[in-house]
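Residue numbers (this note's numbering), protein chains in the order written: chain S, 623 to 828; chain V, 2 to 542.
These are calculated hints, taken from the structure and not from any lab test.
Some hints could be false.
Pairs of lysine to aspartate or glutamate residues, derived as EDC-like cross-links and limited to a Cα-Cα distance of at most 20 Å, are as follows [claimed, not checked]:
1) S:LYS758 <-> V:GLU69
2) V:LYS159 <-> V:ASP40
3) S:LYS758 <-> V:GLU53
4) S:LYS758 <-> V:ASP51
5) V:LYS133 <-> V:GLU113
6) S:LYS780 <-> S:ASP810
7) V:LYS374 <-> V:GLU364
8) V:LYS182 <-> V:GLU69
9) V:LYS159 <-> V:ASP51
10) V:LYS534 <-> S:GLU773
11) S:LYS758 <-> V:GLU450
12) V:LYS280 <-> V:GLU237
13) V:LYS280 <-> V:GLU250
14) V:LYS481 <-> V:GLU500
15) V:LYS534 <-> S:ASP771
16) V:LYS481 <-> V:ASP171
17) V:LYS348 <-> V:ASP269
18) S:LYS758 <-> V:ASP269
19) V:LYS189 <-> V:GLU450
20) V:LYS281 <-> V:ASP299
21) S:LYS692 <-> S:ASP734
If you want the ones that stay clear, here's a sample from chain S, every Cβ over 10 Å from chain V, calculated [as the list claims (entries may be wrong)]:
22) VAL669
23) SER670
24) ASN671
25) ASN687
26) ASN690
27) LEU695
28) THR709
29) ILE716
30) GLY729
31) ASN733
32) LYS780
33) ARG808
In this text, a Cβ means the ideal position worked out from N, Cα and C, and glycines have one as well.
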Amino acid sequence: MNKFSFFLILLLPAVFSCSHSMHGSMNHEMDHSAHKAMMEKKNSHSVSNASYQVPDVVLLNQEGNKINLKEFLENNEPYALNFIFTTCTTICPILTASFSHMQRELGEDANDLQLISVTIDPEYDTPAVLRNYSQKVRATRNWTFLTGDYETIVAVEKAFDAYTSNKMDHHPSYIFKTEADQDWVRVDGLASGSDLAEVFQLNSLF
Amino acid sequence: MNKINELLISIFVLFLTCASLPFPVQADASKTIDNSASDMIELGRKIYQDGELGDGSPVKAIVLGDIEVTGDQFTCLNCHRRSGLGGPEGTKYVLATNGGSLLVPRVDLYMERPAYTYETFAEAMTLGVNPKGTPFDPIMPIYDLPEPEMRALFGYLKTLSNKYSPGVNDVELHIATVVSKDIDPQLKNEMLQVLNAFIDNKNAQTRHEKKRYTSGPFYHEYRNKAYRQWVLHIWEVSGPAESWAGQLETYYQQQPVFAMISGVVSGDWNPIHNFSREKKLPCLLPNTDLPTIGSPADFYTLYFSKGLTLEAQTLHSDLAGNNTNGDIVQIYRQGTIGEKGAQASEKVARAGKTEIINLPLVENADWQEIKQKTIQPGVGAVVLWLGADDLEKYAEVLGEHLSSAPVYVSSSLLNGEYDLIPPPLNRAAKIIHPFKLKEDQQARLRQLEVWLKQNNISMSNPRIQGQTYFACLLLNGGLKHIKRYYYREFFLDLLDHGERMSLYSINYPRLSFGPEQRFLAKGAYIIDPATVKNHWVIPGH
Numbered sequence: 623m624n625k626f627s628f629f630l631i632l633l634l635p636a637v638f639s640c641s642h643s644m645h646g647s648m649n650h651e652m653d654h655s656a657h658k659a660m661m662e663k664k665n666s667h668s669v670s671n672a673s674y675q676v677p678d679v680v681l682l683n684q685e686g687n688k689i690n691l692k693e694f695l696e697n698n699e700p701y702a703l704n705f706i707f708t709t710c711t712t713i714c715p716i717l718t719a720s721f722s723h724m725q726r727e728l729g730e731d732a733n734d735l736q737l738i739s740v741t742i743d744p745e746y747d748t749p750a751v752l753r754n755y756s757q758k759v760r761a762t763r764n765w766t767f768l769t770g771d772y773e774t775i776v777a778v779e780k781a782f783d784a785y786t787s788n789k790m791d792h793h794p795s796y797i798f799k800t801e802a803d804q805d806w807v808r809v810d811g812l813a814s815g816s817d818l819a820e821v822f823q824l825n826s827l828f
Numbered sequence: 002m003n004k005i006n007e008l009l010i011s012i013f014v015l016f017l018t019c020a021s022l023p024f025p026v027q028a029d030a031s032k033t034i035d036n037s038a039s040d041m042i043e044l045g046r047k048i049y050q051d052g053e054l055g056d057g058s059p060v061k062a063i064v065l066g067d068i069e070v071t072g073d074q075f076t077c078l079n080c081h082r083r084s085g086l087g088g089p090e091g092t093k094y095v096l097a098t099n100g101g102s103l104l105v106p107r108v109d110l111y112m113e114r115p116a117y118t119y120e121t122f123a124e125a126m127t128l129g130v131n132p133k134g135t136p137f138d139p140i141m142p143i144y145d146l147p148e149p150e151m152r153a154l155f156g157y158l159k160t161l162s163n164k165y166s167p168g169v170n171d172v173e174l175h176i177a178t179v180v181s182k183d184i185d186p187q188l189k190n191e192m193l194q195v196l197n198a199f200i201d202n203k204n205a206q207t208r209h210e211k212k213r214y215t216s217g218p219f220y221h222e223y224r225n226k227a228y229r230q231w232v233l234h235i236w237e238v239s240g241p242a243e244s245w246a247g248q249l250e251t252y253y254q255q256q257p258v259f260a261m262i263s264g265v266v267s268g269d270w271n272p273i274h275n276f277s278r279e280k281k282l283p284c285l286l287p288n289t290d291l292p293t294i295g296s297p298a299d300f301y302t303l304y305f306s307k308g309l310t311l312e313a314q315t316l317h318s319d320l321a322g323n324n325t326n327g328d329i330v331q332i333y334r335q336g337t338i339g340e341k342g343a344q345a346s347e348k349v350a351r352a353g354k355t356e357i358i359n360l361p362l363v364e365n366a367d368w369q370e371i372k373q374k375t376i377q378p379g380v381g382a383v384v385l386w387l388g389a390d391d392l393e394k395y396a397e398v399l400g401e402h403l404s405s406a407p408v409y410v411s412s413s414l415l416n417g418e419y420d421l422i423p424p425p426l427n428r429a430a431k432i433i434h435p436f437k438l439k440e441d442q443q444a445r446l447r448q449l450e451v452w453l454k455q456n457n458i459s460m461s462n463p464r465i466q467g468q469t470y471f472a473c474l475l476l477n478g479g480l481k482h483i484k485r486y487y488y489r490e491f492f493l494d495l496l497d498h499g500e501r502m503s504l505y506s507i508n509y510p511r512l513s514f515g516p517e518q519r520f521l522a523k524g525a526y527i528i529d530p531a532t533v534k535n536h537w538v539i540p541g542h
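Modelling step: build the complete structure from the supplied sequences, incorporating the hints.
Written out as structure tokens, the structure is:
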């Protein structure tokens with residue numbers, strides 16, 4: 623290989639990276655997320671233990687009532703929590719449907735289980751919008767939807783390691799807390815209703 | 002014997018053919034499926050967009066193996082979008098399902114499969130496998146669709162994004178901006194200068210792209226053939242607003258456009274909004290304080306904010322938050338945009354049962370009388386839907402006799418320039434400001450100023466010039482990612498995922514994008530000079 627060819631080979635990655643950056647600002651990650659998504663293992667979810675510091679903040683539920691998140695969570699164990707937004711196209715409808723299905727799978731065991739869905743698009747998802755959404759998904763009475771001002775919601779997302787700077791890049795996860803355990807159980811990835819029910823039952827003392 | 006066999010075979014084939022043709026659904030005799038092609042396509046559209054079967058009941062589906070969902074919660078449109086071209090969200094990538102994609106074989110780095118036929122499509126929907134037998138990602142639901150509905154859906158998908166939208170050919174992409182003849186010529190010029198400069202620059206920078214594909218690797222063809230020269234059309238409307246639809250139709254017949262961008266007219270944007278909806282023609286970020294606040298089905302027009310309605314909602318949120326008692330006195334000049342602000346406020350107040358007293362200004366208005374009505378007991382708040390000149394007059398007559406009730410000033414009526422508020426109002430009045438705060442705007446304004454200077458334009462109207470420039474950025478961003486798929490719905494689907502573009506916003510804070518979100522900015526500031534505090538308000542929170 624002569625020196626010129628060697629130089630060209632070295633130059634190639636730089637040329638490609640430039641051509642990518644020239645694509646400009648808007649959704650430049652769009653193509654990359656497509657690649658990433660294609661390569662991801664399908665229907666995979668992982669379960670892990672986690673520890674969180676719940677922020678002492680006030681949110682609003684779908685009725686417009688103020689809810690102190692720390693107190694609400696402490697008083698409503700066991701609970702399952704996820705992060706959604708109502709105009710989400712692909713992931714959130716599944717997150718919501720799997721909550722609903724988990725409830726059905728658990729039957730009477732779900733009577734004390736509080737479901738909590740926190741919006742990550744608080745400026746659009748006002749209490750009225752969340753109320754409509756809860757009706758559309760036929761949410762049961764022990765399912766609370768929460769919104770708040772933008773900074774507070776970001777604080778909550780960060781506290782539960784669920785923050786992404788662009789809501790379109792959000793990752794699906796479910797967070798469980800039972801009275802039996804000091805820690806939280808976290809499910810990352812999309813899980814079926816029966817998978818979630820199993821996770822919950824394994825981590826509960828009924 | 003052979004002839005009998007042939008006859009039997011013919012009868013059998015005829016039977017199969019008839020059996021495979023669409024037939025009316027039995028579930029509800031009052032709502033039967035018509036077999037005409039257009040009705041079948043309409044039924045397919047209803048299944049795709051609304052998740053409804055022919056009898057009006059929701060489509061049933063199962064997702065992730067065991068989650069039962071109904072079509073109204075889980076429509077095809079949800080994931081595959083209005084264009085059917087899908088796209089990424091989070092860690093998932095939704096495949097295209099439009100006719101142009103389904104009916105051709107796919108062989109690329111990610112997938113290899115034959116073209117879909119009706120049979121393989123039906124299998125895909127009910128079993129969750131593609132024509133090669135490869136299972137889909139489990140987030141793709143499997144559907145329980147009766148055969149007529151399955152055929153209707155397949156028929157609809159064949160028509161979905163199957164040919165380029167009007168307004169684009171192999172070399173040009175046409176866009177229009179709407180102006181009304183009675184608009185201030187300077188304002189019109191400020192907007193047009195930005196549009197023309199942006200488009201000239203874009204065309205100059207990409208003038209060779211069309212040629213490059215002939216002399217490079219395969220992906221050059223894929224990329225560079227997508228370039229088009231942009232051609233801007235100025236659609237000037239005049240006379241009564243009721244006649245604008247006809248005038249727009251004439252322009253459209255002469256030269257269809259792919260999208261409308263920016264624009265400025267006197268009065269409501271409604272005639273253009275309706276035209277955009279009827280023609281399924283994207284309308285991107287018009288310069289208006291009077292948008293049409295319709296239903297989510299109004300997919301085609303994207304606004305910066307709800308304009309004066311947002312201001313009115315913010316005002317009443319703040320009043321309610323401060324437990325304001327007493328009448329709300331509104332001053333506005335009759336026949337101006339201020340009157341629209343007062344009307345929007347009245348509409349919001351009616352819902353909250355607050356009492357409103359309107360004081361319209363006419364020529365030779367008695368300012369002393371107006372002043373008395375604003376400072377008398379029982380007044381809960383004073384709202385000034387006034388431009389700079391009238392604010393000056395009101396301030397003059399007030400002297401130092403400020404109302405004890407809170408006073409609010411509309412920032413939109415000052416074009417966002419709240420420095421124009423004269424004393425003593427500037428020390429006491431709360432400003433309803435749906436724009437970025439001055440201090441947060443400086444960096445982006447400086448960038449704009451540099452760009453304007455490069456194009457020999459002076460920055461004379463940061464609001465109009467900034468809004469128009471941002472509209473151009475958004476148009477450019479959407480068209481860049483559209484690649485060669487020139488479908489209007491795909492263009493708008495892409496913009497719905499344009500969240501990162503909010504970083505480039507010059508005039509509005511916290512833009513938030515998303516399907517069904519047609520007003521990018523959702524809130525407004527209440528600037529209170531008395532307490533030196535700025536309070537961000539989202540109406541409804």
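Indices of hints not satisfied (ascending)
Hints 8, 11, 18, 28, 29 are the ones this structure does not satisfy, whereas the remaining hints hold.
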